[in-house]
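Engineer: Residue-level listing of the chains:
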Amino acid sequence: MRGKFTAAALLGVAAAVALAGCGSNTPAGGGSTGAGDGAKTEIKVWLVGTDTPQDARDYLKKTFEEQNKGATLTVEEQQWSGLVDKYTTALAGSSAPDVVEVGNTQATTFTSAGYFTDLTDKYEELGGDDMLQGFVEAGSYKGKFYAAPYYSGARVVTYSTDLVTAPVPTTWDEYMTDIKNATTDTMSGIYLPGKDWRDMMSFVWVNGGQIATQGDDGKWTAGFSTPEGIKGLTQAQEMLAYSKFPKDGTEGDQQIPFCAGQIAYLPAPSWISGSIAAAPDADAPGCSDTYAAEGKLHQFAAPGLTAGSYAPVLAGGSNIAIAAKSKNQDLAYKAMQILLSDDYQKLLAGVGMVPALSSQAKFMPDNENSKAASAAASAAISTPASPDWATVESSQILEDSFSKLASGTAPADVAQLLDDSINKQLNK
Amino acid sequence: MSTTTPPAVQTAGASRMPPVDVTDRKYNKKRRQPLPYLLLLPTVVILLVMLGYPVVTMIINSFYKYDRGAYIGFTEPEFVGFGNYTNVLTDSSFWLMLFRSFLFMIVAVLLTMALGVLMSLLMMRLNKGIRLLVSVGLLLAWAMPALAATQVWAWLFDTTYGVVNWVMTRLTGSNWFGHSWLASPLSFFTILGIIIVWQGVPFIAFSLYAGLTQIPTEVLEASQMDGASPVKRFFLIMFPYVRSIFTVMVVLSIIWDLRVFAQVQALQMVGGTADQTSTFGVWIYRTGTGGDFGLSAAAAVIMVFVMLVISFYYVRQTLKEGN
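Protein sequence lines, in the order shown, are assigned to chains A and H.
Under our numbering, the first sequence has 405 at position 405, and the numbering climbs by one with no breaks.
Just add 1000 to the spot in the second sequence (first one is 1) and you have our numbering.
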């Protein structure tokens, strides 16, 4: 902690010195002819979580500042937990950030309330129909386009051959058996902290359950209490016994327990392999020297009920938008263009993310992780397409309910709790 | 204070002041001077801007359906009269939360006061060096930012890597690793209680200690010679001397423990189930940032009302002492 603070303080001093230097240099240099009218404009880009690799952040800053003399760009990292709450207030203020990343399932909450700049006339310029259409849909509201795709990520199962000797399972039941067999006193067969609803939804979906379905009258009906839903929750509860992770814990920093040899099968977004394979002395250390050494780290798409099919996983990913309250709309748009450019998306693809434009898929490395990610993406399911969905997410009812399931509450009671709350919130 | 100013001062003031002010002549006895009001002005302005404006906005918002669109100025908020109040008061989760908040407050206040009293009595008996050490320890606990304190306690009780689970494993012999301390609401509130009481005791202890040192030693010595037991000495001699301080401390603790926010919010980020552990402030915050600012404003107005009722006693007590 101390080291970090000192580093941050030094960085602050360095930045102050650098800025002061710029200030005194500008008049001598004859003034720039760029977009910044003399004064330095600062563009703030909010990226969420550790998903975006550091070299992509550096590339964005460098490229933007080269293209727009007199403007600086700062990337500020936000946390996934509490993001909707934070955006609700931060994007409405006078010091709103300019460009923001938002989870695909959260986008509608903000597009429907006028939080983002309307980009309908920029649609073609940004990539048109080449953009991932599922994400264009997530970023549009009432025929207007607000938030462009940023990346798509699929949830794959990652394991190390040091800890798992069984062959890759071909059916869901085989996968469950492998998890049970892999569990030891010190190792969890599967990584499932109690609040990890994103991974536990696979159990519900593979058994035929649904979060909620919309009737012809527009009314939503939650589906956890159906026989299929209960079956899924029951199986999730059974498998939770093979996870030694906190019953009220959230998913995150999975590389730490993985590198401690505590996880056999790790269901997580495909970019997690990059975090695990980091050097042991990196800022965010991984274990490229042990469990993730050359050739030991493997990935597969969770198999479905029958051989050759895949289990549904949550369609994950992000959209990128310009805050309506941003004072630098033009510069923000320029930053956004870099985020969707080939060179930038290539860096995202390198760590296993599916790029924003279909034509950029060729940048994905030809390896096991990419293949597993595409296979999993083919069976991905999204959350209910309702503007009120983010309210469900931010109410934490999903985290709370699955945490109760992990603590031993009967599946039928958990289902009832979920259905009551979701029905109420989606049919306001 | 101004009402009991001796007349001598007033005449002195009058002779200094030129007889320009009309009010000066009108009120011969209670002369009005502009200076005190001028000195009060900055405080009043700051209070109006920092407190008055938000409170008025909150009251106005509580009568509107105020969602995200209205918040950012994208749509017009819709007037719903007392709709938000009816919704809050008929919401079972609101009443559950209210019950939870009060129950927690009562337990926390009792513990804080008991430990605070014991601590102040202990400080009376300690010699100078040790007393300084204890004071520093208390000050450190008190001065620690609530958020930092919560994080430290959360790490101590961490499910996977916490030292408490390690100690429990060592002591009991059975495996405590993986035990979630925050998962059950009861143990969540136990840990929250530890944090709140730990940070609340120092203020109580210092204030009561200051009060106890003011008791004339001869009174205590006399009672001791008359054969009063320590318990009797405390309840019959010492306590009456510090009664007024004690009462104020209780009222303040009630208010503080009822509106506790940061610690609950931070603990919920670590673990626990939000719908079973939210207290007054957190419930309001969640409702608001969840997209319903009108409903949360209505709940906040109710909270202000509850607080006013509780602090009424405190204000009256303060005024009494002023007189």
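Hints in this document: simulated from the structure, not taken from any laboratory.
Being a predicted model, the structure only gives us computed values, none of them experimental.
For each residue, glycine too, the CB sits at the ideal point set by N, CA and C.
Treat each hint with caution, since some may be false.
[To be verified] Covered stretches of chain H, as calculated for chain A (at least 3 residues, CB under 8 Å):
#, region
1, 1057-1069
2, 1174-1185
3, 1250-1259
4, 1274-1282
[What the hints assert, rightly or not] What follows is a list of derived Cβ distance ranges for each label pair:
#, chain 1, residue 1, chain 2, residue 2, range
5, H, Ala1262, A, Trp80, 19 to 25 Å
6, A, Pro280, H, Val1167, 46 to 52 Å
7, H, Ser1092, A, Thr409, 48 to 54 Å
8, H, Leu1308, A, Gly218, 39 to 45 Å
9, H, Ile1060, A, Lys40, 37 to 43 Å
10, A, Glu125, H, Ile1060, 30 to 36 Å
11, A, Thr409, H, Gly1129, 37 to 43 Å
Engineer: Taking the hints in turn, state whether each one holds.
Structural biologist: Against the structure, the hints:
1. 1057-1069: holds (count 3)
2. 1174-1185: holds (count 6)
3. 1250-1259: violated (count 0)
4. 1274-1282: holds (count 3)
5. Ala1262(H) to Trp80(A): 19 to 25 Å: 21 Å, holds
6. Pro280(A) to Val1167(H): 46 to 52 Å: 29 Å, violated
7. Ser1092(H) to Thr409(A): 48 to 54 Å: 19 Å, violated
8. Leu1308(H) to Gly218(A): 39 to 45 Å: The hinted range 39 to 45 Å holds for Leu1308(H) and Gly218(A), with Cβ atoms some 44 Å apart.
9. Ile1060(H) to Lys40(A): 37 to 43 Å: Because 39 Å falls inside the window, the suggested range holds.
10. Glu125(A) to Ile1060(H): 30 to 36 Å: 43 Å, violated
11. Thr409(A) to Gly1129(H): 37 to 43 Å: Distance hint for Thr409(A), Gly1129(H) is violated at roughly 54 Å.
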